[in-house]
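Enquirer: Take a look at the letters that make up each chain.
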Amino acid sequence: GQQVMQIPQYQHVQEGEDFTTYCNSSTTLSNIQWYKQRPGGHPVFLIQLVKSGEVKKQKRLTFQFGEAKKNSSLHITATQTTDVGTYFCAGAGTYKYIFGTGTRLKVLA
Amino acid sequence: SQTIHQWPATLVQPVGSPLSLECTVEGTSNPNLYWYRQAAGRGLQLLFYSVGIGQISSEVPQNLSASRPQDRQFILSSKKLLLSDSGFYLCARVNSGANVLTFGAGSRLTVL
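Chains as they are written, first to last, in the numbering used here: chain A, 1 to 109; chain B, 1 to 112.
Looking at chain B on its own, in the form it has when it is part of the complex:
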């Protein structure tokens, strides 16, 4: 199984509150992992990717951060949310030897 688990599925947070979104994957070890954000009705913006434990590449400077404490765990965090952080956050994986993205079901964040 190449299942990707994301939680929470939906959340509503006040401006200035912290955030933690979790993504865990099953199946093949050492996958490349990705966080994308999709604003309402918009495209997919690459936020972070990781090619291994503790390795994080950031694509867009912002108040978000990512961590990969275990091979199959990828966490997206923020210390203080902004209104503009609202969106649909998608975790994705690519297995070694393949180059196709497989997405999780996503976490829908509304910042009020």
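One chain only, chain A, in its complex shape:
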């Protein structure tokens, strides 16, 4: 079945440093979504990418969808302590949403 992997699994950064997580699917995706889960909380939708090569920005967050629509990345510029949490990508199908393994980000003040 479809598998979605993310690297790294964990990342500790100093506040102000940049952070990137990468998402790779075993199959071509029709679209990709990103979610953030704060410690002890539930995942919250951040953004959806649909087009090959698409780039979207949300303040300090930049999301990219690969040309082959099999990979994606999330880059955070100048991390803040509020960025702490686990970031998941998800391949969204007709009914099924397959989540990546997640990247847990810790930001050291």
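Quick caveat, the hints were computed from the structure, so don't treat them as lab data.
Some hints here could point you the wrong way.
[Said to hold, decoys possible] Below, simulated SDA-like cross-link-like pairs (lysine to any residue); rule was C-alpha separation at most 25 Å, straight line:
#, chain 1, residue 1, chain 2, residue 2
1, B, K79, B, S29
2, A, K36, B, A105
3, A, K36, A, V107
4, A, K96, B, L112
5, A, K70, A, V107
6, A, K96, B, T24
7, A, K36, B, E59
8, A, K70, B, S86
9, A, K36, A, Q2
10, A, K36, B, A39
11, A, K70, A, Y95
12, A, K96, B, R68
13, A, K36, B, K79
14, A, K96, B, V15
15, A, K96, B, G16
16, A, K57, A, G1
17, A, K57, B, N99
18, A, K57, A, K106
19, A, K51, A, V13
20, A, K96, B, F88
21, B, K79, B, V111
22, A, K96, B, E59
23, A, K59, A, T27
24, A, K96, B, I56
25, A, K56, B, G97
26, A, K36, B, K80
27, A, K51, A, G66
28, A, K96, B, S67
29, A, K96, A, K59
30, A, K51, A, T82
31, A, K59, A, Q2
32, A, K56, B, N99
33, A, K36, B, S67
34, A, K59, A, Y95
35, B, K79, B, E59
36, A, K36, B, L47
37, B, K80, B, E59
38, A, K59, A, T82
Fair warning: this is a prediction, and the values are worked out from it, not measured in the lab.
Given the structure of chain A, go ahead and fit chain B onto it with the hints provided.
Expert: Same frame as chain A, now just chain B:
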């Protein structure tokens, strides 16, 4: 309101005991509903999804089952819990016309 209610929020159960987790949603009718499980420090595993009353699709063979007796009610059950059933169970919805998952606050299950 697109609120999702999950209960209980936390529970501790002995191995071999039964389980019932309930999820009810408000707002738009006929949502697609989902059960995910998250083991400690791990990713989200899709367990079941439902596109309508009485319709259940199972993704992972296991000792869990799901039912949708009403449009806005989704129940996760087990007859006999295993230690490996411990985890954070999340109910989610997708409304017709949209394809974004909205999650409930989750039910945290510890099997001892």
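Enquirer: May I ask which of the numbered hints given earlier this structure violates, with the numbers listed in increasing order?
Expert: Of the numbered hints, 1, 4, 5, 8, 13, 14, 15, 16, 19, 23, 26, 29, 30, 31, 33 and 34 do not hold.
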